[in-house]
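Participant: Listed below, chain by chain, are the residues.
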Amino acid sequence: MSELPLLDIDRMAKRYGERQAVRGVSFALWPGEVLAIVGESGSGKTTLLNMIAGRVAPDAGAVRFRTAAGPVVDLAALPEADLRRLVRREIGFVHQNPRDGLRLSVSAGANIGEPIMAAGARHYGSIRRAAAAWLERVEIDPARLDDLPATFSGGMQQRLQIARALVTEPRLVLMDEPTGGLDVSVQARLLDLLRRLVADLGISVVLVTHDLGVARLLAHRLMVMQQGQVVESGVTDQVLDDPHHPYTQLLVSSVLAA
Amino acid sequence: MSAAHPGYNFAYLDEQTKRMIRRAILKAVAVPGYQVPFAGREMPLPYGWGTGGIQVTASIIGATDRLKVIDQGADDTTNAVSIRRFFAKTAGVATTTRTNEATIIQTRHRVPETPLQAGQIMVFQVPIPEPLRWLEPRETRSRRMHAEADYGSMYVKLYEDIARMGRITTAYDYPVMVNGRYLMRPSPIPRFDNPKLDRSPALMLFGAGREKRIYALPPHTPVKSLDFEDHPFTVERWTQRCQRCGSGDSFLDEIVIDDRGTRRFVCSDTDHCDTRLERRSAS
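Chains as they are written, first to last, in this note's numbering: chain A, 1 to 258; chain B, 1 to 283.
Here chain B stands alone, though its shape is the one from the complex:
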């Protein structure tokens, strides 16, 4: 890969800022699921585009790292391409689209289908870090609820779903209990990806730029999705298979391909899909 752009400090942020963010990350790792405030910086992209994730990535990335960026599962969408190029330019690091070759994976909305390995770090972009926000608009109160592990009211939302729809309809950002202690928003990943967080061998870091919070799941942390005894947590299932690679067990996107409403189902994880196609044409 090319050398870093000489006009920037390594990975854009100055060293003091990186140290400050690393301290927040260490605290977050020490208390899994707890939201650590940090002095978030202005980044050269708008809030909501991944400012929190970028700051976390910038603070942990080293010259020998290999970065993958995904947006909605794809490596080739605008946001993913821009962020990957940003770090190639400011840190001169190698980038990849292969999940198993990456050391750091910054993501929005998905966890890769390929199982993560020990040593890999996932960085999530988080729009709203507070799982109690819809229930309790006051920050002072929600912090108190966290302190006292006072989470019973969170079930009101699940109750309402079942009462209205007959099942829990929360499809993304499905709340989880971390290590039996802190309630956490897993960022807007589909609930299909929630089981991948449970006891994952990879380190998972969550950065919220607008709200200036960092939280983390150290490797092998138990993560349990909230549910009722008689309505256990389940993930989405499709009757179709991916029409590119034929995968029957990955998260599928439904794409309308003409004006007559014809639909096509394909893997949301582009790397997973491409890898399967290559393997098939090779054999």
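Next up, chain A with everything else stripped away, as it sits in the complex:
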């Protein structure tokens, strides 16, 4: 791991009316690292993720991101046009519901091709080749390149969404419950796939989940959130095997041992 963090989150805060959703969260993410954020519903995980992605404006705090070109920029303070350009090039987002991340009315190929076209590709043949190659990479039959995602199963849609998020080879990928809503065997396959892709591409990932099993399989480091605050963080196995905070202990003990 390199010495400089890719992402440096500094005292992020967000309030929705009376409710403080995120209270002063700070952490750093190094290149190639997978960080899982766990916690119950309403603990501020998704809000935090959306603030990093520039989808929700934070009330306070900084999101320092080291760009491919070198300089570190604060995503929270970047002008909108620059932010959009940067996010499009260097940050991928995987939604819990593939319908939020896909265009269901256009073919699988167009879904994967859109980010490349948005980045400036104007050669139909090469866009199509890239799309077919990525379908294969996420274990979907390339013969389904021209099929609508609406005809895909839930697991396939999620894999298609992952291909769409990764096709531009972003340096940072943000995932919001990527395995939510899938049955267990499909989840296992998806986790295998994600693990392999993350290792192959050397991308950094911030993964939001409430499933400790997913966190254990994928994440190098774990952060536990409760009521908008980080209550415990550390190496995944260490936190899960030896939880210190009462909330983490409750969380770990409430999982059925398989």
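Bear in mind the hints are in silico, worked out from the structure with no lab data behind them. Since this is a predicted model, take the numbers as computed values, not measurements. Check before you lean on any hint, since a few could be wrong.
Stated by the list, open to error - Stretch by stretch, here's where chain A covers chain B in the computed footprint (C-beta under 8 Å, at least three residues):
#1 167-177
#2 228-238
Unchecked claim - To give a feel for the contact side, a few chain B residues facing chain A, derived at Cβ under 7 Å:
#3 Tyr34
#4 Ser153
#5 Tyr155
#6 Val156
#7 Glu160
#8 Ile162
#9 Ala163
Claimed, not checked - Restraint-style ranges between C-beta atoms, simulated for each label pair:
#10 Asp230(B) x Gly213(A): 45 to 55 Å
#11 Gln243(B) x Glu139(A): 50 to 60 Å
#12 Asp161(B) x Gly202(A): 30 to 40 Å
#13 Pro219(B) x Gly202(A): 45 to 55 Å
#14 Asp259(B) x Asp141(A): 28 to 38 Å
#15 Arg15(A) x Asp230(B): 45 to 55 Å
#16 Pro219(B) x Gln20(A): 51 to 61 Å
#17 Ser233(A) x Arg210(B): 48 to 58 Å
#18 Arg99(A) x Asp161(B): 19 to 29 Å
Idealized CB from N, CA, C, for every residue including glycine.
Once you've looked at the hints, dock chain B against the given chain A.
Facilitator: Positioned in the frame of chain A, the structure of chain B alone reads:
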């Protein structure tokens, strides 16, 4: 031509409204391809029949102008006849069907075959001005996309066409980039007419009545139709010639003329066709 009807202000609209629309037109000309909102008025015809075009024409027309109105290329269809008569009555202006005699040409669906000249003004009737509408239903988002020139997603549509049909099948209202900056809908003209917009010596004004937007192409503005490097933009070609005038390079209408499916191909631009016929019988 007869004098204007005394019951109306010149060209129907009141002077304040015309000034407001002229201001929108000036802004549109200053920023080619940008959609300028304007306070569109109720007109004495339904939306979709050319309310936007009529308001633009009413604001720019002067007593010495000569107006031509085309609908689907023809001067003698209901819409064209009604609008021409409307301005003859309310402004008392001269009208014509000849492209080269007109100073203002209001049109729906076609650009004349006869090359336009400097000093002429084309007024297009626009049903849907927003090229990103099919992609992004939210106006706030599509305006932001325009502001940031964020047009890459527009290629998704062309990609789908090629993936499904093997070629780009969008036949009319084919999206164009104006002056390398704004994405624009050229109104529902066939893509055959798109090259006529590029660096045209005439001023082109686009009026959308229902959505209350005006946009413009000043003379000599570069207009490029979207395409892929390996699937370049092309226009329609016919194997037939016009069966009236024999033209082999104009946009042809295919007309079924009996119950057995017999077809006849004729020029869509009636003035172009008639002029060629006259020239032939004269020589």
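Participant: Next, verify each hint and record whether it holds.
Facilitator: Checked hints:
With 0 residues having a beta carbon nearer than 8 Å to a beta carbon of chain A, the region 167-177 of chain B misses the requirement of three or more and the stated coverage is violated. With 4 residues having a Cβ less than 8 Å from any Cβ of chain A, the region 228-238 of chain B passes the three-residue criterion, so the hint holds. Taking 7 Å as the C-beta contact cut-off toward chain A, the hint placing Tyr34(B) at the interface is violated, the least distance being around 16 Å. With 7 Å as the threshold, the beta carbon of Ser153(B) comes within range of chain A, its nearest partner Cβ sitting at about 6 Å, so the hint holds.
Checking Tyr155(B) against chain A by beta carbon gives a least distance of about 4 Å; that is within 7 Å, so the hint holds. Because the beta carbon of Val156(B) sits about 5 Å from the nearest beta carbon in chain A, less than 7 Å, this interface hint is met. Against a cut-off of 7 Å between C-beta atoms, the interface hint on Glu160(B) holds, since the closest Cβ of chain A lies about 5 Å away. Because the beta carbon of Ile162(B) sits about 6 Å from the nearest beta carbon in chain A, less than 7 Å, this interface hint is met.
Here the hint on Ala163(B) is kept, as its CB sits about 5 Å from the closest CB of chain A, short of 7 Å. For Asp230(B) paired with Gly213(A), a C-beta distance near 46 Å keeps the hint of 45 to 55 Å intact. Between Gln243(B) and Glu139(A) the beta carbon distance is about 57 Å. The supplied range of 50 to 60 Å therefore holds. For Asp161(B) paired with Gly202(A), a C-beta distance near 36 Å keeps the hint of 30 to 40 Å intact.
In this structure, Pro219(B) and Gly202(A) meet the distance hint of 45 to 55 Å, their C-beta atoms being roughly 54 Å apart. Taken as a hint, the range 28 to 38 Å is violated for the pair Asp259(B) and Asp141(A), whose Cβ atoms sit roughly 49 Å apart. Restraint check, Arg15(A) to Asp230(B): a C-beta distance of roughly 51 Å satisfies the suggested window 45 to 55 Å. Evaluation of the 51 to 61 Å hint for Pro219(B) and Gln20(A) yields a pass: the beta carbon distance comes to about 59 Å.
In this structure, Ser233(A) and Arg210(B) meet the distance hint of 48 to 58 Å, their C-beta atoms being roughly 56 Å apart. About 24 Å separates the C-beta atoms of Arg99(A) and Asp161(B), a value consistent with the hinted range of 19 to 29 Å.
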